[in-house]
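Asks: Chain residues, written in single-letter form:
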Amino acid sequence: MPEELYDIETTIPSNPIEEFLRMDRMPHIWCPGCGIGTTVNCFVRALQTSGLDLDKVAVVSGIGCTGRVAGYMNLDSFHTTHGRAIPFATGLKLANPGLKVVVYSGDGDLTAIGGNHFIHAARRNMDLTVILINNMIYGMTGGQAAPTTPVGATASTTPHGNFEETFNLPFLAESCGAVYVARWTAHHVRHLTKSIKEALAKKGFSFVEILAPCPTLYSRRNKLGDGLDQMEFYRDNSEIKNGADTKSVTLDFQGKITVGKFVDKERPTYIEAMNQHYQKKFGDRYVPSDEIRKLSHAQE
Amino acid sequence: MHADPIGVLTGAHFIDGDHACSEGAIAAGCRFVAGYPITPSTEVVERIAERFPFVGGVFIQMEDEIASSIAIQGAVWGGKKAMTVTSGPGFSLMMEHIGLAAMTETPCVFVDVQRAGPSTGLPTMPAQGDMMQARWGSHGDYQIIAIVPNSPQECFDLTVHAFNLSERYRVPVMMMMDECVGHMIERVVIPSADKIEVHNRKVYDGPKESYRAFETGRDLIPSMVKAGDGYRIHVTGLTHDEKGYPDMSVSAQGKLVQRLMDKIRIHADDIVMYKEEDVEGADVVVVSFGITSRTAIPAIEQARAKGLKVGHLRLVVVWPFPEKRIRELAGKVKSIVVPELNMGQIVYEVERCAAGKCNVVSVPHAGGTVHQPKDILAAIEKSLRGT
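In order, the protein sequences belong to chains U and C.
Under our numbering, the letters of the first sequence match residues 1 to 300, in that order.
Under our numbering, the letters of the second sequence match residues 1001 to 1387, in that order.
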């Protein structure tokens, strides 16, 4: 083995993403084969090349397996209540608009109990990056059906199979007004990293859905093998269709998966709309918060 | 320190309690309000929405009360003073986030303009039925502070005080108004900014490496930083250690919950607030709060005209409860009469503190209007029979 290669491969002093993680909290709680860790790796790689000041990045999570992401990131991080990461993030962003606020949570958290907040934040074009891990199940509580569980799949609360229609999340996000909508799987690490980077750079409500295996509670119950089998399934059954009509990207039980960047458009953010409106209406009488004023000056 | 003059409408006004509450919040330095419309509290956020564009504030009407009650907490960690405003049904929806604020020691103010319940009840009519809910409504053990104004002037003064207490003790403070006080229009004098005392949270500015977000000294109150300051804080509703990291152990739970209780208990003497009138030498003391303290006055005057020795103790801060004072009084008087616009809530606290040392008589009312003074008078007279 050539000496240089030996050095590169085995003498790296630490994992290159360690500085982004709270290593004093390792080991994490995620199961072997879970896809969440892979997405965190992609998120970190996106942050590394984003040019963002990491002291000005905050991660907000709700409750659930993905809800634990906030606690492992070496950033300002908030682990809030079930379903309410988005309204917490909304308050944080409006108070301190110089922050890049990332909501990182699961499908059940963001679209069942938190569904109302999701649609309204998208409608307002609140300047948040929402990373949603869709493992099609409530993992933390033991594998109950979620709004994303496909028809025909089995969960602990649909022991005879699920017959409820699932949410098509990219369509939901787009129809509510999200300015950036993409879907990838935990298999698509390079596309996903690029997509998260784009979402972070986007002003307004950006949304990235990531399909990730839950081998312990979804794959096992549905006899789909382990985490690796599910990754192979993603590899063999995903079709990249950038710009696809989000109406057409519904997920079926073990059916084809449409991935790609579906929406990338411009629309004033909540703060921009508020500022423009009040400036037009009140001129110099309008007094924005110090933080909003500083940000507007920096952007001019 | 004193209020920022930019928001202070110094002078005499003729406004209702809801509007006075808004002005109190602005004077206290509140610059973030999230709310959802609900009678009879809506006027508070309407005035905030009107005023905030000129004072550097951000108001957002959220999609529901659940969102409102956590958006304010995001704003607090972003560095603002924040409040949300609601009434009974909305207050019920906010309970989980009162627990979150208690657990994460997030200073914030919840205004509840009480109306008659349960459920939708009487949306436009008064009650004081949320008093126990304010104290116990979220799951688990924790402490909060609750304040009850009885006039528009107090809606101003005590909203400032509510923010000060929440900042000082890093605890959610409930401003327990009611429909009468909220909609009553009276003279409200707003002092000049330099006469309004304003407290701000204790801020940590030491070295980043040694910061432990929930470490405290003898006052049991941790100092705070905000997101973006470079401290890379972690804040969780899970049981956590001094660093803020989740710790799922019995010992961490015991230590944290004990401190959350103790940090209010050890300061209770400073927080408790009540007003007394002719209590010394009285045979009967009427213990009242909010609008009921005003309907009690004619009853007390009528009783005195009949030769009875009646004192009046008005609770201004209801939680923490003035246990010491009620215990002391119970040993001196023959009876305590407790009128309240509910079917009997604070009377339980009075009974607990009186511990059988005097007669305790409840004057319940299901709400929708205020007590008839004659009912309170009858209770005063009845309370002395057989003593």
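Think of the hints as simulated: they come from the structure by calculation, not from any bench.
Since we're looking at a predicted model, the values are computed, not measured.
Hints may contain errors.
Stated by the list, open to error - For each label pair, taking beta carbons as the anchor points, the in silico distance ranges come out as:
no.	chain 1	residue 1	chain 2	residue 2	range
1	U	Gly-51	C	Gly-1206	22 to 32 angstroms
2	C	Gln-1253	U	Pro-159	50 to 60 angstroms
3	C	Thr-1124	U	Arg-123	25 to 35 angstroms
4	U	Lys-203	C	Arg-1212	53 to 63 angstroms
5	U	His-297	C	Lys-1208	38 to 48 angstroms
6	C	Gln-1253	U	Asp-24	13 to 23 angstroms
7	C	Pro-1123	U	Gln-276	34 to 44 angstroms
8	U	Arg-123	C	Leu-1009	55 to 65 angstroms
9	C	Gly-1206	U	Gly-98	14 to 24 angstroms
10	C	Gly-1254	U	Asp-24	39 to 49 angstroms
11	U	Lys-280	C	Glu-1301	31 to 41 angstroms
Each residue gets a CB set at the ideal place from its N, CA and C atoms; glycine is no exception.
Asks: Indicate, hint by hint, whether the structure satisfies it.
Replies: Hints and how they fare:
1. U:Gly-51 with C:Gly-1206: 22 to 32 angstroms: holds (30 angstroms)
2. C:Gln-1253 with U:Pro-159: 50 to 60 angstroms: Because 34 angstroms falls outside the window, the suggested range is violated.
3. C:Thr-1124 with U:Arg-123: 25 to 35 angstroms: holds (30 angstroms)
4. U:Lys-203 with C:Arg-1212: 53 to 63 angstroms: Violated, at about 35 angstroms.
5. U:His-297 with C:Lys-1208: 38 to 48 angstroms: 27 angstroms Cβ-Cβ, so the 38 to 48 angstroms window is violated.
6. C:Gln-1253 with U:Asp-24: 13 to 23 angstroms: For Gln-1253 (chain C) and Asp-24 (chain U) the Cβ distance comes to about 20 angstroms; the hint holds.
7. C:Pro-1123 with U:Gln-276: 34 to 44 angstroms: holds (36 angstroms)
8. U:Arg-123 with C:Leu-1009: 55 to 65 angstroms: violated (34 angstroms)
9. C:Gly-1206 with U:Gly-98: 14 to 24 angstroms: Hint holds: Cβ distance 23 angstroms, inside 14 to 24 angstroms.
10. C:Gly-1254 with U:Asp-24: 39 to 49 angstroms: Given range 39 to 49 angstroms: violated, Cβ gap about 23 angstroms.
11. U:Lys-280 with C:Glu-1301: 31 to 41 angstroms: violated (57 angstroms)
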